[in-house]
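Visitor: Residue-level listing of the chains:
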Amino acid sequence: MNSPASKDARPRILVVEDEYLIRMLLEDMLADLGYAVAAAAGNLSEARDLATGTELDLAILDVNIDGEEVFPVADILAKRGKPFVFVTGYGGHGLPEAYRGRPTLQKPFQIEDLKTTLAALAPV
Amino acid sequence: MARTKTTPGPAAASASAKPIAALAQSEARLEFALAASGTGYWEMDPVTRSLSGSDIYKANWGRKPDEPFSYETVRAAVHPDDLAMHEAAVDQALVTRGNLDVEYRNIWPDGSVHWLRVRGHALYDDAGKPVRMAGISLDITDRKRVEETLREETHTLEVLHNVGVALAGDFDLQRIVQAVTDAATQLSGAQFGAFFHNVTNDKGESYMLYTLSGAPREAFSKFDMPRNTAVFNPTFQGTGIIRSDDITKDSRYGKTGPHFGMPKGHLPVASYLAVPVISRAGEVLGGLLFGHEKPGVFTPRVERIVGGIAAQAAIAMDNARLFQEAQNELAERRRIERHQELLLAELNHRVKNTLAIVMSIATQTLRHSGSAEAFRHGFETRIMALAEAHNLLTDSNWEGASLRAMVGRVLDPYQGPNGARYTFSGGDIRVGPKTAVALVMALNELATNAAKYGALSQPSGHVDVGWTLREGDERRLAMTWQETGGPPVMPPSRKGFGTRLIRGLSEDAAGKVDIDFARDGVIATFDLPLTKEAKP
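Chains Z and E are the protein sequences, given in the same order.
Mapped onto the numbering used here, the consecutive letters of the first sequence carry residue numbers 1 to 124.
Mapped onto the numbering used here, the consecutive letters of the second sequence carry residue numbers 1 to 536.
Note that these hints are calculated values from the structure, not bench results.
Quick caveat, the model's predicted, so the values are computed rather than measured.
All residues carry an ideal CB built from backbone N, CA and C; glycine is no exception.
There may be inaccurate statements among the hints.
Quick list of simulated restraints, FRET-style, between CB atoms [as the list claims (entries may be wrong)]:
#	chain 1	residue 1	chain 2	residue 2	range
1	E	T394	Z	P103	31 to 41 Å
2	E	G370	Z	P103	31 to 41 Å
3	E	P488	Z	D75	52 to 62 Å
4	E	G416	Z	P103	49 to 59 Å
5	E	P492	Z	P103	31 to 41 Å
6	Z	D75	E	L355	22 to 32 Å
7	Z	A31	E	G416	23 to 33 Å
8	Z	A120	E	A387	49 to 59 Å
9	Z	P103	E	G419	49 to 59 Å
10	E	S425	Z	K79	21 to 31 Å
Covered stretches of chain Z (chain E as the covering partner; in silico rule of three or more C-beta atoms under 8 Å from a C-beta of chain E) [what the hints assert, rightly or not]:
#	region
11	79 to 86
12	103 to 112
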């Protein structure tokens, strides 16, 4: 997507969320919090490509993407050593063993929740 | 069976000391006692085997008093299977100076078989040589028959009991029917037996299976199942037992085509017994069929026994079925519970997702609203549009919504005093949930904008919505929103939420949208794929 200026020191974030309105909310919140959106994806195949090939510092992953689970994308990021945050409406369950204990945001969330969660992984 | 026993005999006779008259009297008494008790008397020379016997003794062998009778007669009449045992017993009694006590069968001149019990012992001279052997005989045929019957009944009861125990503890239908078939075939004396039983498959269809005993499966596998014939009907309709000494001579036999009797290659059957197996509820579960090539094999007693087994089989099969039904019900209940859990999780997910969407709409609307009133109006119409989209989708179980209904719902509020201020044209197309939500939200933005600044802001304005379906590698929807008759259009000074929303939603549905703020009226052109999409 957009390539920020080389001087841009803001942490770069990949957003994976299939609901456009929620993605829009996330993008606006991230901008308000001083993060740069490295890329955004609304479906799994796009998300996989972006997770593999985009320069990024951290990712926000909606667990349910059009009825499918986002974990293959998380696997790619985990292999790259990139931190990520899950966003889910299912509550704390639903996460596979390997990803329990990963930071998780419950929908709906406030900008303060997002700020606290991200600050621990990539301080602005 | 014959049996033999030798015990030490009494000391050799001291009768010679008694006076002759007393002896004669004693002999007469003895003869009377023997006759009264139906006991025969015999004497034999151990060396020459010359044999003489009383009338009763001869009668025990089926001979009249005046008929010639010798040891050879005995040898010829003793049942061949018992002869060696009989001779050995006599020899042993002589050698050991013991008692002869033996039971064996003899065959009368009329061919009938009778049981005899024979007792005796020998007298010995001073040198210890046997000089005379004497004893009694008793016809024990009746006792033997009773014993035999008792043994048979005991055996029958044992088998019945074992079947009962085996059936009571078993819920496996196949094992139950095999145990029943085996036991009934064994007890009936049939050459072969079969249990034809009705089973119901998963789809609730009924069909017939059979289990065999006493014959290989190949003996029957080439034949059809028992059909609707006069011989089989009473069994498979549960009206009663058929027992026939010779079924081929039964009036019901051979009346139905195409075989008119047993099909070619069928094992020969004369004796025939068929017992319906009926559940407690009166349903015919199947039928037990037995056959024998000889006529007259199945007695009333066999009929009673097999009837008893059929009753036990019905109970066991009922139990097995109830057990299976209970298992199925439990499995179904577990399946429903799992399904409900999934539904609840899905509902939770959707509600949370929708709340996040509402939050996004509120945040975005607030950013672009100059006043509280503008926020309230913008927020309300957007939430209402979202609700409309959900209503349309709920009507179709979230499988898709009608495009006509969607456009109608969005434009419905814009009726003028002279009728509708909009027209729409296009076939009724079903649109997947995600595209439906995007379209309703986007159309709502266009309508709101038109009401504020465009064609719907004055009475002369008109909106036309038209669409076509383009079939190709993928089905795509081409839709145009065209405003006419409104005030001159001014392109927006900054990118508004509505425009961003329309573009974003279209992108999200993997489609394209073009909004042309033409001076004569806004024209929005949508190009959206209608591929099968996953439910949100």
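Visitor: Look at the Cβ atoms of P488 (chain E) and D75 (chain Z) and judge whether their distance stays inside 52 to 62 Å.
Guide: 55 Å, holds
Visitor: Are there three or more residues in the region 79 to 86 of chain Z whose C-beta lies closer than 8 Å to some C-beta of chain E?
Guide: Violated, because only 0 residues of the region 79 to 86 of chain Z bring their Cβ atoms closer than 8 Å to Cβ atoms of chain E.
Visitor: Using the beta carbons of G416 (chain E) and P103 (chain Z), state whether their distance is inside 49 to 59 Å or not.
Guide: 54 Å, holds
Visitor: State, for the Cβ atoms of G370 (chain E) and P103 (chain Z), whether the hinted interval 31 to 41 Å holds or is violated.
Guide: Check passed, 37 Å falls within 31 to 41 Å.
Visitor: Using the C-beta atoms of A120 (chain Z) and A387 (chain E), is the stated range 49 to 59 Å upheld?
Guide: The hinted range 49 to 59 Å is violated for A120 (chain Z) and A387 (chain E), with Cβ atoms some 37 Å apart.
Visitor: For the pair A31 (chain Z) and G416 (chain E), does the Cβ-Cβ distance stay inside 23 to 33 Å?
Guide: Once the Cβ atoms are compared, 42 Å apart, the range 23 to 33 Å for G416 (chain E) and A31 (chain Z) is violated.
Visitor: Does the Cβ pair P103 (chain Z), G419 (chain E) satisfy 49 to 59 Å?
Guide: 57 Å, holds
Visitor: Does the Cβ-Cβ separation between S425 (chain E) and K79 (chain Z) fall within 21 to 31 Å?
Guide: Violated - the Cβ-Cβ distance for S425 (chain E) and K79 (chain Z), about 53 Å, lies outside 21 to 31 Å.
Visitor: Are there three or more residues in the region 103 to 112 of chain Z whose C-beta lies closer than 8 Å to some C-beta of chain E?
Guide: holds (count 4)
Visitor: When you take the CB atoms of P492 (chain E) and P103 (chain Z), is the distance between them in 31 to 41 Å?
Guide: 39 Å, holds
Visitor: Quick check: does the Cβ-Cβ distance between T394 (chain E) and P103 (chain Z) fall within 31 to 41 Å?
Guide: 34 Å, holds
Visitor: Is it true that the C-beta distance of D75 (chain Z) to L355 (chain E) lies inside 22 to 32 Å, as the hint says?
Guide: 29 Å, holds
Violated hints for the displayed structure, listed by number in ascending order: 7, 8, 10, 11.
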